[in-house]
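Colleague: Kindly produce the complete structure, drawing on both the sequences and the hints.
The primary structure of each chain is shown beneath.
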Amino acid sequence: MRLLRYEFRKLFCKKAVFICLALFLVINVYKISTLPERENITSYDEYFSGYDAVYDIVKGEMTEEKILFVVENYQELSALNEQNAFSNDPNENRFTRYDFGDYIVFMQFFNGMDYAYNYSTNMSGYINLAKENVDFFLERGNEYEASVNQQIVDIYGGRGISAYYDTYGFSEFFEYDFSSLLIILLLLLSLASSFTMESESGMDMLIKISKKGRQHTVMAKTGAFVLFGFFITVLFTAVDLIAFDIKFGLDGFFNPIYSIERYFTFTLNLSIFGYVMLSMVLKFIAFTVIGLFIMFCSSLFGSVVYSFGVGTFAVFGIILADGTTKLGASKFLALLNPLSLIANRYMLDTYSVVNIFDYPVLKIYVALIAMLIFAMVLIVGIMFAYSRRSIGTKKLSLKMFKLHTGGAVG
Amino acid sequence: MTLNIHSVKKCYGTKNALNNFSAELTNGVYGLLGPNGSGKTTLINILVGLLEADGGEITYNGENVKKIRTQYIDKIGFLPQYPSFYKNFKAEQFLLYMCELKGIDKKFAHQRVDELLQMVNLSQERNKKIGSFSGGMKQRLGIAQAMLNDPEILILDEPTAGLDPVERVRFRNIISRLSENRIVLLATHIVSDIEYIANEVILLKEGKLVAQEKPQKLLKSIEGRVWQVEADETEMAEYVRNHIIGNVTFDNGKCNLRIISASKPSENAVSISPKLEDVFLDCFGEVNI
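These protein sequences, in sequence, are chains C and V. Residue numbers for the first sequence follow my numbering, so the first one is 1 and each next one is one higher. Residue numbers for the second sequence follow my numbering, so the first one is 1 and each next one is one higher.
Treat the hints as calculated values from the structure; they're not laboratory data. A hint or two may mislead.
Listed below are several chain C residues computed to face chain V (Cβ distance under 8 Å; list not exhaustive) [to be verified]:
(1) M203
(2) M205
(3) I209
(4) K212
Just so you know, these numbers come straight off a predicted model, no measurement behind them. The beta-carbon is built from N, C-alpha and C at its ideal position, and this holds for glycine as well.
Modeller: Rendered as structure tokens:
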């Protein structure tokens, strides 16, 4: 445990890491602040205050009273719209002071509440179809397709939305990946020297001849990185949440994730808060794999220049591969890319499975298992590479000697 | 305590870095002397277990060190060449980290670190970052880390390279004090370091043991073969061509040459008492200035 603490200090308690972390947080907040505002048909101060006033009334549990309030107002304003009878004069009885403003406000709430209220009914059509498919495929002995449809029934059956919240902010929040890129950059900057620092400081030899030198040190470095990775994932998630809340407003934490219209067919039954947490954990696992890969590069080379170069090349390779696999070169290969866990919404927003031994397994589980296997393989690889890199010390001594004296060494 | 090195071999490709090297070390300071490329660092890396020998055997108190690897490592203290340690660590913090690496009980670690910081005269600098240390201070810190586990075998690879004369003397004195109850192997090509403190000198050339003797005996072996000659520039060129020259000084247009030669190099040559450096030159010679 104490070794882990020392490794944490060696790897991350550096001025450069603190500066990069602070800088990246500022860049991240700036980036969120420059995201495009929600598109509004109209925009004036009273419109927004009117919107907020109506939202305060309708948000939360969908009661008959709230539904009637929205429906009646919307119908009244729709009728005016159809008659082309909107007044251009201010009206103190309107929330937004204008007929048209109120019409837009109530139209939005009507559509949102309509989606929430009718979610269960709309979904039941799909579920009934899936149930029929189960019988159909069982009759024909196609057990795999029957399992697929049964899984659809199990996942989507019994769903319903009882509360209404404006989830536009969350919808944007889940689409935001820039902070993940910054975290990967931070990992690259801090981990490229994770092992090269030992040879460059002349500590490699001392570590390797110490009782807790080889495997203990690798495990301590890995543990320190996992702690740091978790810390920065939580930190950036928290900063993203705060920044998105300020920019767009985040409401409905405990509403189901499918209450966001974009996630109508989301494959997990979670609350929005649950998905925020799950997404954070999935990203953390992806960062762990990427970080371990950078550490592996560092354990292979004696110089940070090489490990940083190869690490950067590999990270861009991963990003590029993710793009090409999403374009359809191979959707299965995309699951083996850590970025699939970072942009996990692509795997979760629609039902999508992989056939494993004639059993439908959700893609997210396949990707998760693949990443855990990668992480194990990388840890073993680092241990092997670092323990075997003893000849490098000789080369280093030679190099250092030449640097000092311009000669060779005995 | 006895460290026996039996016919150890190590090759890098076709180059023999160590060629059937054998030596026996007991308590005291051993100066490992050899020119660049003679195999000193290779021998040290094998002794500390960083490199695997291609042949031969190393035993400690009669037991093969491969079989008692953990116990053997526990008995070793090592200071590698040119360590810079961690710049952002403080001296005390670094030593505590080394205690952790060496598996030293936390209860004793603080006390041991205090003792060693005092011994190497770094108590005042214990809370200073290593990045601000001079070369000599780093080497003293290096000695302290090597001594943390109170080793029976202390191996120092070029510990005085790059140090100023004051730091070098200070460092030599520390090593002398440490050599009472342990084997100290001091690899260097700075002959004067060994001259003052080594009980025995191991001369290594092209991976082979040339000699393992007490300094006095080595000096005796070269007695009558070190000469001082005064010459002009033309004569000097002649001497340089035909003899091993140890030193040249110029004085009033004349030069004084220190020559290592079995026979009297000239009529005006005066026999002088040898130094260990003369032995070094005699062994590894072929020096033309």
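Colleague: Confirm or reject each hint.
Modeller: Hint check:
| no. | hint | result |
| --- | --- | --- |
| 1 | M203 | holds, 6 Å |
| 2 | M205 | holds, 4 Å |
| 3 | I209 | holds, 5 Å |
| 4 | K212 | holds, 5 Å |
Violated hints for the displayed structure: none, as all numbered hints are satisfied.
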